[in-house]
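Student: What follows is each chain in one-letter form.
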Amino acid sequence: MFQYLIKRLIYAVPIALGVSLVCFLMVHIAPGDPLVSVLPPDASLDLQNQLREAYGFDKPLPMQFLLWVWRALGGDLGYSIATGRPVAAEVWRAFGNTFMLAVLAAMFGFVVGGIFGFVAGYWRDTWIDRVASGLSVVGVSVPHYWMGMVLVIVFSVQLNWLPATGAGPGGSADWVWDWEHVKYLIMPALTMSVIPLGIVARSVRALVADILSQEFVDALRAKGLTDAGVLLHVVKNAAPTALAVMGLQLGYLLGGSILIETVFAWPGTGFLLGNAIFQRDLPLLQGTILVLAMFFVSLNLLVDIVQTWLDPRIKRA
Amino acid sequence: MTAAPAANAQTQTAPATASRGYWAGVGRRLVRNRLAMVCLAILVLIVLAAIFAPYIAPHDPYRGSMIRRLRPIGTDGYPLGTDELGRDMLTRLIYGGRLSLFIGIVPVLNAFVIGTALGVVAGFVGGKVNMAIMRTIDVFYAFPSVLLAIAISGALGAGIFNSIISLTVVFIPPIARVAESVTTQVRNLDFVDAARASGAGSFTIIRVHVLGNVMGPVFVYATSLVSVSMILAAGLSFLGLGVKPPEPEWGLMLNTLRTAIYSQPYVAALPGAMIFAVSICFNLFSDALRSAMDVKV
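Heads up: the sequence lines are chains V and U, in that order. Its first residue numbered 1379, the first sequence is counted upward by one per residue in the working numbering. Its first residue numbered 86, the second sequence is counted upward by one per residue in the working numbering.
Rather than coming from a laboratory, the hints here were simulated on the basis of the structure. Hints are not guaranteed to be accurate.
Computed footprint of chain V on chain U, listed as stretches where at least three residues anywhere in the stretch have a Cβ under 8 Å from a Cβ of chain V [to be verified]:
1) 218-229
2) 322-333
3) 341-350
Some but not every residue of chain V turned toward chain U, in silico, with C-beta under 10 Å [stated by the list, open to error]:
4) Ile1393
5) Val1397
6) Val1518
7) Tyr1523
8) Gly1648
Lysine to any residue pairs mimicking SDA-like chemistry, simulated, CA-CA at most 20 Å apart [what the hints assert, rightly or not]:
9) U:Lys213 - V:Tyr1389
10) V:Lys1561 - V:Met1478
11) U:Lys213 - V:Pro1392
12) U:Lys329 - V:Gly1652
Where a beta carbon is used, it is the ideal one built from N, C-alpha and C, also for glycine.
Excised from the complex, chain V in its bound form:
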């Protein structure tokens, strides 16, 4: 186990380096001058050169990359071109908001999706299966940004129960766990939970159906085990794979929150990414993508390790 852990950690290093290289290059293939968003059109050449030097854009690309990675390792992601504030602080604050949303959505999606999938797989080819599978297909097929809009139409426009956008009354930035704030969280979290709900339900259904068709289940029944006892074995066998699916889904939610955050004006990383793109704020864009991608890489690593710990057979593969 320890050897595997070391091997897996070492393998993650080139991936992490590759990911940061892609983040870096992605922003540098962008057409146009990176300083165009701050410089007035009639800026003197002197001023242009001065700013270029201040942001390090005058150095050759490989040098810029190494410098960027070196600073990023120390937690310094440079300064936003549009606001002049440190990127790391901006990303960190937004990440907290997105994390809260994603974890809540994931918990709801995993629990409901897990139950749906389990019920569907356990009573396969019955009406329960059809209903649960149908709902999970809807979950994976619905454009979630549209579902967010529909929720707003129903609960904000028609019923006037919940606020349509924002993350707190009066546009306040500080989060408090009271009903006034939670009201803002319900619809975005519900919208976000639809994606993992569908995928988790589908995976769990296939898993449970597969496990139930294996011979050891017949053996357990033949031994006289009750239904509840068999159920426990099924859960135990399905857990490692189900956990892996869920871990990846949490990562996808964190990285893919931009559409939902745009619909609900939720001040998270997706919102930040949108701003960075439309203001052509390259350091902010680079930093946000890097943090989200690195979080995803670490989450993958964690999922792999937990999965191997739960089910040592995987290690051999």
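Chain V is fixed; fit chain U onto it per the hints.
Tutor: Same frame as chain V, now just chain U:
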């Protein structure tokens, strides 16, 4: 007397009937799946409507009028109402299928070709080539797909071409992975050795034996990606990173109608319903195809 020539004919054309037999079986199983047929019919209808849009659409998709902005569903002459610039919604939804289907399906086709090529080469050649290709793909796999699509689109700037590029990049890694794993399995089967022993070159083996066995599963897998691709492509337009106004496209229409959710909520929600319909039909049809072809990926 009558049986003998028939049997003779059958043995002569044995390879052809064998392959037709498989596809006939797949077709029969698909046709028997009523849900899949309903989905296929809806998809065909939407595609045909998009192709023949100029002949069936009641109005001009670009011409609006300020005096008939945001009419509700059921207005005389405008059965699905009008949008924020007074353009007929039905017309724009019909025309919208053209761009929406195009930017949703083309990335998957591109990724299918490029990803299969990369995966087959990696799987067949193995060794260092496999290492190089698959580790590079691992790096792209290490990004959440929505983030990668938006990051590339955001860096390249808005536009149909850029949005197709970014989604192609997103879908190459998963397709290449599937192609690589199937190729590795096929490569080690006896009939590949037999072909090599009988003097077939690598190119022939790849073309006849490997591709013949790899294309099926990879194609089924690719069809399951179309629904995600449709949602993401429309999502990029929704964010302002894809199709530019005034082109009719469902994602973009959803975005521009967002301001109208207080005055005409049902009209504003219509373009999303189209994306949903296409996406769910593709998903259900892909599921049916998978079980009809008995593919496990």
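Student: If a hint holds in the structure, say so; if it does not, say that too.
Tutor: Structure-based check of each hint:
For the region 218-229 of chain U, the assignment as covered by chain V holds, since 8 residues bring a beta-carbon within under 8 Å of that chain's beta-carbons and 3 suffice. Residues of the region 322-333 of chain U with a Cβ under 8 Å from some Cβ of chain V number 4, which satisfies the need for three, so the listed coverage holds. Counting residues of the region 341-350 of chain U whose C-beta sits closer than 8 Å to any C-beta of chain V gives 4, which meets the bar of three, so the coverage hint holds. Given the 10 Å rule on beta carbons, the hint for Ile1393 of chain V holds: about 5 Å separates it from the nearest Cβ of chain U.
Because the beta carbon of Val1397 of chain V sits about 5 Å from the nearest beta carbon in chain U, less than 10 Å, this interface hint is met. Checking Val1518 of chain V against chain U: minimum C-beta separation of about 6 Å stays under 10 Å; hint holds. Taking 10 Å as the C-beta contact cut-off toward chain U, the hint placing Tyr1523 of chain V at the interface holds, the least distance being around 6 Å. The beta carbon of Gly1648 of chain V is positioned within 10 Å of a beta carbon in chain U (closest approach about 8 Å), and the interface hint is therefore held.
For the hint linking Lys213 of chain U to Tyr1389 of chain V, the alpha-carbon distance of about 17 Å falls within 20 Å, and the restraint holds. At roughly 14 Å between alpha-carbon atoms, Lys1561 of chain V and Met1478 of chain V fall within 20 Å of each other, so this suggested pair holds. The straight-line distance between the Cα atoms of Lys213 of chain U and Pro1392 of chain V is roughly 16 Å, inside the 20 Å bound, and the hint therefore holds. Between the alpha carbons of Lys329 of chain U and Gly1652 of chain V the distance comes to roughly 17 Å, so the proposed pair stays at or under 20 Å and holds.
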